[in-house]
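Those protein sequence lines, which keep their order, are chains L and C. If you're matching positions, the first sequence starts at 1 in my numbering and goes up one per residue. If you're matching positions, the second sequence starts at 1 in my numbering and goes up one per residue.
Keep in mind the hints are simulated off the structure, nothing from the lab. One or more of the hints may lead you astray.
[As the list claims (entries may be wrong)] Computed spacing ranges between beta-carbons, pair by pair:
1) A160(C) <-> I280(L): 43 to 53 Å
2) A198(L) <-> A160(C): 28 to 38 Å
3) I74(C) <-> G340(L): 26 to 36 Å
Glycine included, every Cβ here is placed at the ideal spot set by N, Cα and C.
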Amino acid sequence: MDNLNALMDGFAAILTPGNLLIALIGVTIGTAVGVLPGLGTAMAVALLLPITYGMEPTQAFIMFGGIFYGGMYGGSTTSILLNTPGQSSSVVTVLEGFKMAKNGRGGQALATAAIGSFVAGTIATLALVFVTPITVQFAITLGAPDYFAIMALALIATASVLGASRVRGFASLLVGLVIGTIGIDAVTGQQRLTYGVAELASGVDVIIVAVGVFAVGEALWTAARIKSGAGEIIPVGKVWMGRQDWQRSWGPWLRGSALGFPFGAVPAGGAELPTFLSYITERRLSKHQHEFGHGAIEGVAGPEAANNASAAGTMVPMLALGLPVNATAAVMLAAFQSYGIQPGPLLFEKQSALVWTLIASLFVGNVMLLVLNLPLIPVWVKLLRIPKPYLYAGILFFASMGAYAVNAQPFDLFLLLTLGLVGLAMRRFGLPVLPLIVGLILGPMAERQARMSLQLSGGDLSGLVGGPVSWTIYAIIAVIALWPLGRMLVRRATRDRARAAA
Amino acid sequence: MTAPDETPPPETAAAAATAVQEPATEPAPKRDLAQLWVCGFLTLLGVLVIVDASRLGGFTASNDPIGPKPVPIILGILLFAVAACYTLDTLRGGRGEADHRDGDAAFDWRTLGLLCAVFIANALLIDWLGWVVSGALLFWGAAIVLGSRRYLTTLAAAVALGLATFYGFAIGLGVGLPAGVLQGIL
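Extracted from the complex, chain C is given alone in its bound form:
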């Protein structure tokens, strides 16, 4: 999935974000064809919206003459229109206001993927392990993935953050965070 693809077909746009790797050696390509993924994503979204809208019963009532159907249909049509214009703009060399704060650095897929994995692990574990443990793992894992090499210091910071937020927000301010396996201990 992460291999750079020179001419990405716009159909498989669910993975829009995976096509953004530019050949780093080429000096500023004139046309940014990776944008076609965005056009594909918009088209796919339009299809999803229209398919769902056609499923809706077209019933109307006296207090609601138009029903829930027209808005998604209009949105779907507009999505197709914008996707078409966007494609045209891309082919004519149009570009967005890219964020060039750090220059055109190459995309680091490995870091990104690992970070997402850490994030998903937290989502899977939070109800079971509780926020203090899963949150601390999230912080620790993310900091390591992002380049921290002081494993123990980072772990101490992570545990401290987990405990501080749990006591401060869940117990102090009444924010709903799960205690998980540490129920009764905290």
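Just chain L, with the same shape it has in the complex:
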């Protein structure tokens, strides 16, 4: 019951006119940026982060809650109307959503996505209230070696499980780890990889990397192919749902939420897998199987709910362990750090009021979005009509403003452009961006935990293996590492058998 009391205190903190206004601004600009084509939730949060620099932490996090959910709502609109998913977790929504829009049912698709996101967001945020403190209880018992093992798992899993190509995932991860190493070593005070550049001594700010790789990279990537023409925008029609739409949507919403949350809550679970699983489940369970592939409403309702629930789930490891498992959580973690707050088990003791206000603001933002979005969808759609030159000039403008505002030094703008070119190359060569961001944030944390473990063992490598938790995690890592090898052996064996039989 302590949690509920704390949550009530959180609501009390947010329900002041000033804070509600901040939440409203957060959801509005979050949705506006999320709607813009090519911009995902992570990019919305990264681009909008600098505007909170002048605020108190509490206000800043109320705004983040709004931007976070607003960005996700906005993303689904773009997927359905433009056939361009802003992030990989929206890919499944596009399958049925775009078809529905083409059949003149765009309004229904947007409505089921919006209401489904609300339902999933509410359920998953409630689950967050109860699961996070349990995770914290567990996390307090962990020592430095266990933390190192968990971080190693998160790093290896993001690089190898998500995405199609392991070698590209690891390439991206290593670039992130190298960027994370730049700067003064926290223990010995020695400069690493700065090559005499004074501005690099304090390290490369995560916000600059995120804005550079996501936003500037996207703008340059579009600029490089500007002549390839714009996607067509389909008129929405009226945003409402008939009786039958409700009947066909509520099941997928609930199942999607149930699938999404646990995947979000484990390291490297991500949102891609649950949205895909939800799609398959709904397809199998539906009474209207023939409609799948031609615009079935279940195929929008389920995956959208799964996407939102998993996003709320990612807050569990982020708050309880300080582990970001997707790009949005990574950027939010950076935001915490810029206020000198370190997420992890101690966060709930030291900054209890702040955390519960953040969680309360997720609920409030969710309600606001439902009220705001259903009537305003036609207005958001107008944003899709911004001409490409203005859109991408605007992205560069806001990206530069944000990057400069971090340290007020022009050097960061050159860094931003360099990272934008890295982002461009990664898009061109099909390298996943997430491992880079996660590596950048988790790398230094993992190094610190490893050095702490070795300090306890006096430099003996056995210090890296702690209790049963780290053994279990190393076993999981071994399975992930050996998985493709095993599959190759099985394939070879079956081929040999087939050859022998022939």
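Given the coordinates of chain L, work out where chain C should sit on it, guided by the hints.
Frame of chain L, contents of chain C only:
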């Protein structure tokens, strides 16, 4: 630099992004050899990391038995390993999940270069001219480079954006943006 090079040597990888121009006439080449630039970049990064790490004093203390050196060395070795695997994968015809939202359009180097120039101009001018002027120039220049032909409307939008962000964020929300030459006027 921007001329298409059929067999790019991976050594000069600092310019990795410049080798991506594919001959547009060829129908979907089997092997995407431009990826070798990425392998070269990873190798170069590995060299930089190891050279820097070898420069670090190997001193350790009782509270830090391993020191700052091992992590970069491990990273460097892993970079070499991944670069090697990547090269192998490329030669065997491997490809990444390319973003084919708009199909395989040709790479437009001119637009890209001009956009970078506009961006660098902002970085050079921001402290002197202040955010309102340099930011407006950035927006205006970028929009023109990206194909906007309504010069005056775009300029009006750029100035409006510059002023709005300065008053809204720098003065309203306390974000640190420079006033530059307009100090005292704004």
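Violations among the numbered hints: Result: no hint breaks.
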